[in-house]
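Novice: Sequence:
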Amino acid sequence: MSKKAGVKAKKTVKAAVEKSNKKIVRKSTKAPQTMEELLKKTGYKLKGLQKGQRVNGVVTDISKRMLLIDIGAKTEGVVIDKELEAAEEMISDLKVGDEIEAIVGMPENDRGQILLSLKQTVMDKRWELFDELLKTQKVVKVRGLEVNKGGIIVRSKGVRGFVPSSQFGREYLGKLEELENQSFDVKVIEVDREKNRLIFSEKAVSEQAAIKQQSEALKKVKENDELEGVVSGIMPFGVFVRVNVPSKDKKEKDLYLEGLVHISEISWEKVDNPGAYFKTGDKIKVKVIGVDEKSARLNLSVKQLTDDPWKKMAEKYPEGSKVKGEITRLASFGAFVNLAPGVDGLIHISKIPSESEFKVGQKIECFVEQVEPDNRRMSLSLAMTKKPVMYK
2 MSKKAGVKAK KTVKAAVEKS NKKIVRKSTK APQTMEELLK KTGYKLKGLQ
52 KGQRVNGVVT DISKRMLLID IGAKTEGVVI DKELEAAEEM ISDLKVGDEI
102 EAIVGMPEND RGQILLSLKQ TVMDKRWELF DELLKTQKVV KVRGLEVNKG
152 GIIVRSKGVR GFVPSSQFGR EYLGKLEELE NQSFDVKVIE VDREKNRLIF
202 SEKAVSEQAA IKQQSEALKK VKENDELEGV VSGIMPFGVF VRVNVPSKDK
252 KEKDLYLEGL VHISEISWEK VDNPGAYFKT GDKIKVKVIG VDEKSARLNL
302 SVKQLTDDPW KKMAEKYPEG SKVKGEITRL ASFGAFVNLA PGVDGLIHIS
352 KIPSESEFKV GQKIECFVEQ VEPDNRRMSL SLAMTKKPVM YK
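According to my numbering, the sequence shown is numbered sequentially starting from 2.
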């Protein structure tokens with residue numbers, strides 16, 4: 002081999018070695034050298050977490066001290082301390098491998114841990130439970146917290162709810178204070194999570210048989226029926242009446258329903274105090290003016306058992322006639338004069354001399370100027386020694 006050929010061969014070998022070394026180097030750089038390279042190669046993505054963020058994960062370990070959840074972060078999320086206690090009931094039903102939703106309480110504490118909370122998940126599950134209880138009408142226990150005018154605030158499964166006074170059986174009427182700090186059975190009758198509204202009924206449990214009877218009785222009652230009943234309660238807004246629904250079959254017992262005579266349906270005249278007309282235990286006759294199937298309650302009237310006095314007012318008090326009455330109310334626009342039960346006329350302020358002074362209860366004489374029975378209105382003017390110009 003010539004000298005030139007030898008040099009050329011050496012260069013060729015050297016070039017081949019260098020080329021080979023370069024390939025080896027390039028191949029070796031493909032191995033992950035950083036966490037970022039490793040994640041890129043495996044396709045695994047770390048999640049950037051923020052406090053309050055909802056995350057989904059898989060339970061990887063359950064112990065008395067902590068719950069571990071793989072949420073796809075650099076470390077597993079942990080539920081510990083008070084958060085563990087708050088979710089104790091829910092955790093008892095979990096097992097490794099279960100999927101679960103949590104809230105990030107702290108993206109990283111001083112130990113490098115991701116702290117998670119299950120409170121919202123627990124609350125979601127509880128509302129789902131109440132939805133199910135509403136559908137199935139299963140009995141659930143509640144604990145009385147605080148009595149107010151409308152009923153009693155209660156707690157069940159960590160959620161606050163309310164039992165209205167109207168949803169208690171006769172056993173507890175007027176005795177709701179006895180249920181504070183006490184547990185009792187109820188049924189769910191309304192669930193509205195958006196409004197944070199959860200309503201229960203004690204009566205649906207204690208008087209279940211009676212409610213079934215009420216449902217049967219309700220089918221036998223029609224609008225305009227006249228029934229007999231007993232006053233069971235008196236309120237500022239009206240009178241509660243327990244009415245007797247007679248059975249057509251003599252072998253069957255009569256059924257009973259609760260009804261309300263609203264203050265506006267007690268008398269044709271203005272009523273300020275229902276207690277001035279009735280007392281508890283009074284036997285009365287009522288007319289059915291409405292049937293509330295949802296509450297199994299009747300809307301009743303006492304005044305509609307008699308004729309509306311306004312129907313005969315135009316005939317009884319023709320325009321221009323002289324009448325006697327009593328002042329019942331004074332207003333900025335005039336004085337109201339009662340002529341008969343349920344019939345008040347108005348003397349407009351423009352028809353009252355400036356020197357005249359009226360008092361409630363004062364007896365006066367008037368002239369009828371105009372009667373509008375359909376609108377239940379009557380215009381009056383003061384009686385004078387001379388007849389008014391319009392009088393003929």
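It should be emphasised that the hints constitute simulated quantities derived from the structure, not laboratory data. None of these values were measured; they are calculated from a predicted model. Glycine is no exception: its CB is placed at the ideal position from the N, C-alpha and C atoms. Some clues are possibly wrong.
Said to hold, decoys possible - Taking CB as the label site, the calculated pair distances span: (1) Glu373 x Arg161: 16 to 26 angstroms; (2) Gly175 x Leu306: 51 to 61 angstroms; (3) Asp226 x Asp132: 45 to 55 angstroms; (4) Glu227 x Gly175: 43 to 53 angstroms; (5) Leu135 x Val97: 50 to 60 angstroms; (6) Leu130 x Gln183: 19 to 29 angstroms; (7) Lys213 x Asp193: 48 to 58 angstroms; (8) Gln183 x Gly49: 41 to 51 angstroms; (9) Glu217 x Arg66: 50 to 60 angstroms; (10) Leu174 x Glu270: 29 to 39 angstroms; (11) Lys65 x Lys196: 56 to 66 angstroms.
As the list claims (entries may be wrong) - Heads up, simulated DSS-like pairs for lysine-lysine below, C-alpha to C-alpha not over 30 angstroms straight-line: (12) Lys142 x Lys96; (13) Lys221 x Lys196; (14) Lys313 x Lys220; (15) Lys65 x Lys158; (16) Lys65 x Lys136; (17) Lys150 x Lys52; (18) Lys295 x Lys312; (19) Lys271 x Lys213; (20) Lys304 x Lys220; (21) Lys220 x Lys295; (22) Lys323 x Lys221; (23) Lys142 x Lys65; (24) Lys317 x Lys288; (25) Lys220 x Lys284; (26) Lys52 x Lys96; (27) Lys288 x Lys223; (28) Lys139 x Lys221; (29) Lys142 x Lys75; (30) Lys313 x Lys323; (31) Lys136 x Lys75; (32) Lys223 x Lys317; (33) Lys126 x Lys139; (34) Lys271 x Lys288; (35) Lys213 x Lys176; (36) Lys176 x Lys150.
Novice: Can the restraint linking Lys150 and Lys52 be considered satisfied, given a maximum Cα separation of 30 angstroms?
Specialist: 41 angstroms, violated
Novice: Compare the distance between the alpha carbons of Lys223 and Lys317 with 30 angstroms, and conclude whether the hinted pair is satisfied.
Specialist: 34 angstroms, violated
Novice: Does Lys65 sit within 30 angstroms of Lys142, going by the straight-line distance between their CA atoms?
Specialist: Status holds; Cα separation ~28 angstroms.
Novice: Hey, Lys136 versus Lys75, does the alpha-carbon distance stay inside 30 angstroms?
Specialist: Violated, at roughly 43 angstroms.
Novice: Given the hinted pair Lys313 and Lys220, is their Cα-Cα distance within 30 angstroms?
Specialist: 36 angstroms, violated
Novice: Is it true that the C-beta distance of Gln183 to Gly49 lies inside 41 to 51 angstroms, as the hint says?
Specialist: 50 angstroms, holds
Novice: Between Lys323 and Lys221, does the CA-CA distance stay at or below 30 angstroms?
Specialist: It is violated: about 50 angstroms lies between the C-alpha atoms, which goes past 30 angstroms.
Novice: Could you grab the alpha-carbon distance between Lys142 and Lys75 and see if it respects the 30 angstroms cut-off?
Specialist: Roughly 43 angstroms between the alpha carbons, so the hint for Lys142 and Lys75 is violated.
Novice: Lys65 and Lys136: Cα distance at most 30 angstroms?
Specialist: Since the Cα atoms of Lys65 and Lys136 sit roughly 35 angstroms apart, the hinted pair is violated (cutoff 30 angstroms).
Novice: Quick check on a hinted range of 19 to 29 angstroms for Leu130 and Gln183, using CB atoms only.
Specialist: Holds, at about 22 angstroms.
Novice: Keeping to a limit of 30 angstroms between CA atoms, is the pair of Lys52 and Lys96 held or broken?
Specialist: 26 angstroms, holds
Novice: Is the straight-line distance between the alpha-carbon of Lys220 and that of Lys295 30 angstroms or less?
Specialist: 13 angstroms, holds
Going through the hint list in order, the structure does not satisfy hints 1, 2, 3, 4, 5, 7, 11, 13, 14, 16, 17, 18, 19, 22, 29, 31, 32.
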